[in-house]
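For what it's worth, this note's numbering labels the leading residue of the sequence shown as 46, then goes sequentially.
In case anyone wonders, no lab produced these hints; they're calculated from the structure.
Hints may be right or wrong, so weigh each one.
[Unchecked claim] In the DSSO-like style, the derived pairs of lysine-lysine whose C-alpha atoms are separated by at most 27 Å in a straight line are:
#	residue 1	residue 2
1	Lys198	Lys94
2	Lys94	Lys212
3	Lys94	Lys206
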Amino acid sequence: MTLLREAIGAGRRGPLPGQGRGPGEPWEGLVEETPQVWAVWIAEYWRSKTRRPLPEVPPIWLTYAGQEVRLVGVERRFGYEWMFLCPRCGGMRRVLFLTRRGLLCRRCGRLGYLSQARRKERALELGLPLWGRRMLGGLSKALAQDLAQDVRKELEDLFAKLSVEVKDEEDQGAPLG
46 MTLLREAIGA GRRGPLPGQG RGPGEPWEGL VEETPQVWAV WIAEYWRSKT
96 RRPLPEVPPI WLTYAGQEVR LVGVERRFGY EWMFLCPRCG GMRRVLFLTR
146 RGLLCRRCGR LGYLSQARRK ERALELGLPL WGRRMLGGLS KALAQDLAQD
196 VRKELEDLFA KLSVEVKDEE DQGAPLG
């Protein structure tokens, strides 16, 4: 019985690798490893270009590979906050993720968090002894530079396909620049 429990992962923390809440809905990726677009980035760009507060109705839409993503204004005490409408579920989201099916929210893109799939058996999660951390200290700068190059390339690829357009009343789009 003990071997069976070990084989199926009984007693481990979280679901088995690649599976979300249950075997019927497997994850398609991890939030931490998926390129993302935040609505606040677009809002800050608007503020920097216009030097005005955010309007109630955002005049900007995103287009990614033919998929249009709307922004909506949500009233807050300090003014308005812009949020995305997820193209699939229609929910208001601060961030959308670039999945195989386009820009979607975390739930529609079936993304899980790394902490949900964590296993005790992984060496780095057990915590390296102090001597091990010192040995890896010299490698951390090189690893960080490699990671920065990978992230920079992924972001450049993401934004190469992303266009921001201003929509006027007649729905004629003109690039914002």
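Status of each hint after checking the structure:
Note on Lys198 and Lys94: the hinted pairing holds, with a Cα-Cα distance of about 26 Å set against a maximum of 27 Å. Among the hinted pairs, Lys94 with Lys212 is consistent with the structure: their alpha-carbon atoms are about 16 Å apart, no more than 27 Å. For the given pair, Lys94 sits about 22 Å from Lys206 by alpha-carbon distance, which is consistent with the 27 Å threshold.
Hint violations for this structure: none, all hints satisfied.
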